[in-house]
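Given the sequences, and given the hints that come with them, work out the whole structure.
Order-wise, the sequence lines are chains A and B.
Heads up, the first sequence is in this note's numbering, so the first residue is 1 and it goes up one at a time.
Heads up, the second sequence is in this note's numbering, so the first residue is 1001 and it goes up one at a time.
The hints are simulated quantities; they were obtained by calculation from the structure and are not laboratory data.
Do not rely on the hints blindly, as some may be mistaken.
[Said to hold, decoys possible] Derived Cβ-Cβ restraints for the label pairs, each shown as a range:
1) A:GLY115 with B:GLY1237: 54 to 62 Å
2) A:GLY157 with B:GLY1081: 56 to 64 Å
3) A:VAL147 with B:ALA1026: 35 to 43 Å
4) A:ALA208 with B:ALA1026: 48 to 56 Å
5) A:PRO44 with B:GLY1081: 52 to 60 Å
6) A:ARG130 with B:LEU1069: 52 to 60 Å
7) B:GLY1081 with A:LEU233: 30 to 38 Å
[To be verified] Stretch-level coverage of chain B by chain A, calculated; a stretch enters the list once three of its residues show a Cβ under 8 Å from a Cβ in chain A:
8) 1070 to 1077
9) 1087 to 1098
10) 1410 to 1418
Since the model is a prediction, treat every value here as computed from it, not as a measurement.
Don't be surprised by glycine CBs; every beta carbon is placed ideally from N, CA and C.
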Amino acid sequence: MQLINAGPDQASRTALRLLMQGLPGISEIKTAVEIDPPGTLDQPQLRSAQIVEGSVMRARKIPGISRDMKSGFGAFLDGAQKVRLVAQHRGVPLIFGVTSAVVRVRINRRLTTWGHQKPKVEYKLYLPLRYLPPIGELAIGETKWPVVDTTRADANGDYPSAHPQVLLDRAIRAIDQQRELLEDQIAESWCSRNEAPLFVDGGISRSAVVASSRCAVGVIKSHRTLYVEDDALRIVLNLGVNERSSVFKVSPRARNSVMSWYLRQRDADGHDPLWGLVRVEMSECDNPAERADEISRWVLAETTPLALPDGRWDKMSYGVRDCEEFLRAIS
Amino acid sequence: MNEALGRVVATERKPNTPHEFHFWTAIDSPVGIGTIVRVDGAQPVDGHIPHIYGIVVEGFSYTDLQSPLHDVLGHDGSPSGASFAATERAEIRLYTAAVLRQIPEEPLQPVPMGEVFLAEEEDVQVALRMDGYLREGGNTGIPVGVYRAGGTDAVIYLDADFLLGPEAAHLNITGVSGLATKTSAVEWLLASLFSHFPEEKGSIAAVAFNVKGPDLCYLDKPGRVEETDEKLYEKMGVEPKPFTQVEYFAPYTAKGFSLNTFRNNEALLDNVRPLTWGLREVLQFAEVLLNKDDVDAKADALIDFIKENVLDKEFSDPVLSKKHRVQSFADLDAWFRDVLSGMERKDGESWRTHHVATIRKVRNRLSNISTRCAGLVTDTGTVSDLPFGSFADRAVYVVDVANLEEDAQDLIFARIVSKLREHLERRDLGVKHLVVFVDELNKYAPGDGADTYVRKMLLDIAERGRYLGLVLFSAQQFRSQVHRRVVGNSGTSLFGRMDADELSTPGYTVLSPATKTKLATLEKGQLMIRHPHFTQPIFVRFPRPAVMQGREGAEKYPQASEVSLDVAVLRALRPLDPSITLPWIQEITALYTDDEVIKARNATLLARPENVKAYFASQFRKIVSAQSPVRPMAASIKSAPDDDPYGF
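Below, the structure written as structure tokens:
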């Protein structure tokens, strides 16, 4: 977890004022206010998956690769979150979170915000209410922000400890979930209109509507969980540029089943094994091989222009970077 | 109201100030360098929403690329690969605008954040403070061109009080040669001035010195006006017609037969008058033609003596052989010869304190003038001049000096401007305001070089002319090479397409690089204007003047070649009496010398009598027809007697 001393912005200052009003005795945190969360709090792991294209995992050269191949994506979806530690009350961290999501559609090769669904931006206070005295009304004029209790009991009925790091992790997870919720809402809205294929940054399996729609394609850049083991792992890690793995089915618990495959976007020579490697998710279909080839061509067509200066440019498409820049500007 | 086309932005690195602000627009917005915009502030100041007017002076465009190398890498070093990219990079159009006006004007604050709109016609009037002089009952606006941006067409007006005085005055125009912008702009502006100059401010006329080419020679002939120009004329309320009152003045050629002008085609001679001066006129401006080396204190004293005591007076002196009345160069030369002969006879070295060497030197220099300015200065003293005292309202008087030697040009300029000034001081010129147009100011009022009489006169007009109603419209290719006080006193400056070298001189440092680039690429018919009411330069379009252009005129009315004296006289007199024929001229002039014929013609042109034939014929001395002596019959010698023994 990284703490960034970026200085409070206007929203953070408003959050602090609200907290000071409702919770006397808090201490403002003037340094190290922004928390840059890791991609996920999960541990890296390998998982097996059911192969649906042939019987064994293979590297497959994608046919029809050329410089002028066209992308079928009509829009990009991404979400963003900001986690700010704005104050503490006797050692208890008080978190302010901003979550947002947007669809940027491509018109005449330029990206613009989707007109049917405004970008979603939500401001919330993430507070461990169990360890705080009763809080008064958190409102200044018309500004009234919701409060999320980060100390609710889990499925086993256990409450989190008062360890500040645990409370911080709880807040980050809650903000993460809020961001995913916004992404799913906006993706469902897109899919319900049966619009052109949507490039979703991340998986599509959380929402049943999205996971079953031909309109949505998920592209995952992080590989905390690799859906291959043993020989299959070696095949995936040694994929050449413009090669993909066989299609397999991903059926996580509490999520929806989708088809997926790995795709090497850039030559990994001289780089780490995950360089330029993405995992693509699509809804289940009868002809996974042809569909995977087609979508792989679209994803490869999105590798220009480069997403530089973003450090994840080897895996990130420019459309996703555009969404991130947009959300950074409005939230 | 238009839709907003941009938003004001400011960062710590690029903040807005009271005189400058930044805004971005959509990629396809019609904003460009020179566009006038309006910012509507979001927060009221003293209860008023601030409106800020600005003109775009710089533009920036960039993408989210951090390094050009990223683009190279992204396209594998192949530029054509960029066209295959599914998405174009996010791109910004960021503009910097200079503030023209803030409303309310106090308190003067940095430009606030707000929406940016394309200025409409009413906005342009407010932005340029034209609302102050276009008001009902006090309208002193003179249309100079049309400002165009997006869908806005707004007439830009100059304030007559700041163009012709008394508040400020004078106009200077700069631009490269060959685009016809400078002359065309002045012709158009004179037409506009004559149409819109307020009646209550009195009469106005113009004197234009045609110093090169035939551009000003066809001001009374209609030119080609295209449809787009017609719309501009209509928008600005000026009729697309040539000038109705134009008179041309030109000296004769050295031979004295025909007028030394591009406009000497017979079909155009009806309003062309000769410009000739005699000794009296020239001596008043002797210092124009005599440089410092020529005219030392002694020579100056002798010239003064001649002016005071000899010119136009009965002059006698013991040293002279006879009484002299000096009225022409010929008379003066005779007087000099008599003085020098008398001194030789007396073997004296000085006469009336003037040394013989000084007398010879002054004689030499003054006699030389009639040679150097042949065609303008007459030996006979005949004067044909501009109609000082009876100048007509809305008339243009063109003095064509294009084909003359530099000395003659200087003399003409100095004398005419001095006369104009004298008459305006006495308020008896005939008009209350007079515009004098001089091209090639680089030559007549250079920033460096000798302090000539002509330059002193131009400085005098520039600095004091506006109090008299004498206004200088000047033009040149290189403004940086003109005397600073001449261009500095020009309240209004126009700029056509400019040379890059000229733009790099210090006088243009106030312009942004983008404005300079625009200036260097201006089309024909476009100008940049600086005027006392405008806090920033404004770009406008003006229509092609509705007069025949020089090149077209020269083709349609070719310059007449040098002709015989008879034909020259016929051409000169026929506009006065169309019944005059060449045989008649030849019959009348057959017995006389060229000088006598020229003198008769000049006198007739000057008098413009009712009966031209009779007047012309009366100018010749009577010559009794020579009768062949009858040879007397020789007396016959006596015949020899028939019976003469010696006869044969």
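Looking back at the numbered hints, which does the structure fail to meet, lowest number first?
Per hint list: 1, 4, 5 and 10 violated.
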